[in-house]
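Undergrad: Chain by chain, the residues:
Number of protein chains: 2
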Amino acid sequence: MQDEVILEANNAFYAAFRQRDYLAMEELWAHRTPVCCYHPGWPGINGRDEVLDSWYSILVLGDTPDIRISDTSIIRNGNTALVFCTEHLGQVSLIATNTFVVEGDTWRLVHHQAAHLPN
Amino acid sequence: MQDEVILEANNAFYAAFRQRDYLAMEELWAHRTPVCCYHPGWPGINGRDEVLDSWYSILVLGDTPDIRISDTSIIRNGNTALVFCTEHLGQVSLIATNTFVVEGDTWRLVHHQAAHLPN
Chain A
1 MQDEVILEAN NAFYAAFRQR DYLAMEELWA HRTPVCCYHP GWPGINGRDE VLDSWYSILV
61 LGDTPDIRIS DTSIIRNGNT ALVFCTEHLG QVSLIATNTF VVEGDTWRLV HHQAAHLPN
Chain B
1001 MQDEVILEAN NAFYAAFRQR DYLAMEELWA HRTPVCCYHP GWPGINGRDE VLDSWYSILV
1061 LGDTPDIRIS DTSIIRNGNT ALVFCTEHLG QVSLIATNTF VVEGDTWRLV HHQAAHLPN
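Those protein sequences? They're chains A and B, same order as listed. With our numbering, letter number 24 in the first sequence gets 24, and the count goes up by one each step, no holes. In short: position in the second sequence from 1, add 1000, done, that's our numbering.
What the hints contain is simulated information worked out from the structure, not anything from laboratory work. Treat the hints with care, since some could be wrong.
[To be verified] Examples of chain B residues toward chain A, derived with CB under 10 Å:
{"#": "1", "residue": "A1009"}
{"#": "2", "residue": "N1011"}
{"#": "3", "residue": "C1036"}
{"#": "4", "residue": "D1049"}
{"#": "5", "residue": "S1073"}
{"#": "6", "residue": "T1080"}
{"#": "7", "residue": "F1084"}
{"#": "8", "residue": "T1086"}
{"#": "9", "residue": "H1088"}
{"#": "10", "residue": "G1090"}
{"#": "11", "residue": "H1111"}
Because the structure is a prediction, the values reported are computed rather than measured. Just so you know, even glycine gets a beta-carbon here, dropped at the ideal spot from N, CA and C.
Could you build the full structure based on these sequences and the hints that come with them?
TA: Structure (structure tokens):
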């Protein structure tokens, strides 16, 4: 049951990505727990404001691709869950890890890391 | 205090890497919690046996570089901790996330993901 809720949170992340919905993306990231984001080919980004700035530049200012995912799996440990998936952006594939923690009764993102797969 | 113990576990991971110590590496990975490993440029690897096979090929059969780390930080949530660092292998730098969980009284690895930083 928890796994379903976590997968819904992961799907909401990619829906926000796909729909360029910055406000939804902002809501998905943890409010109290520290956060960190590793976009492919970028230096690591620490801190909620800095991470959300990066998403603003990707979703609002950038040319967001039509992103789809497959091969989703979960490792859960108490109130923390790692969701693994393959991201598909046209002909490009990346492997991604999204880490969620429970804040209140909601699973929120504390970390996203995506990296290109070899062709 | 917990953060120090977690950093020690992270340092032990890189010591095993640097010293090509497969048995130490084997001991560091979780025994009961599922594990997953994303080596740079490899497809994702799931399962303890499969992850350890990959480390055997890197540490014992491969030409392991002299790896150093810097810029270490932690996000901890209960019995789970994400350790972020920059890996240095000669002129090459990677950003890495190592995720640890508590098993018994020991912090053990459940996930390693490293990706090249732009030059």
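Undergrad: Each hint needs a verdict: does it hold in this structure or not?
TA: Checked hints:
1. A1009: violated, 15 Å
2. N1011: violated, 19 Å
3. C1036: holds, 6 Å
4. D1049: Violated, because the Cβ-Cβ distance from B/D1049 to chain A comes to roughly 16 Å (cut-off 10 Å).
5. S1073: OK, holds: B/S1073 within 10 Å of chain A, min 7 Å.
6. T1080: holds, 4 Å
7. F1084: holds, 6 Å
8. T1086: Where the cut-off is 10 Å and the nearest Cβ of chain A is about 8 Å from B/T1086, the hint holds.
9. H1088: violated, 14 Å
10. G1090: violated, 19 Å
11. H1111: Status holds, d = 6 Å.
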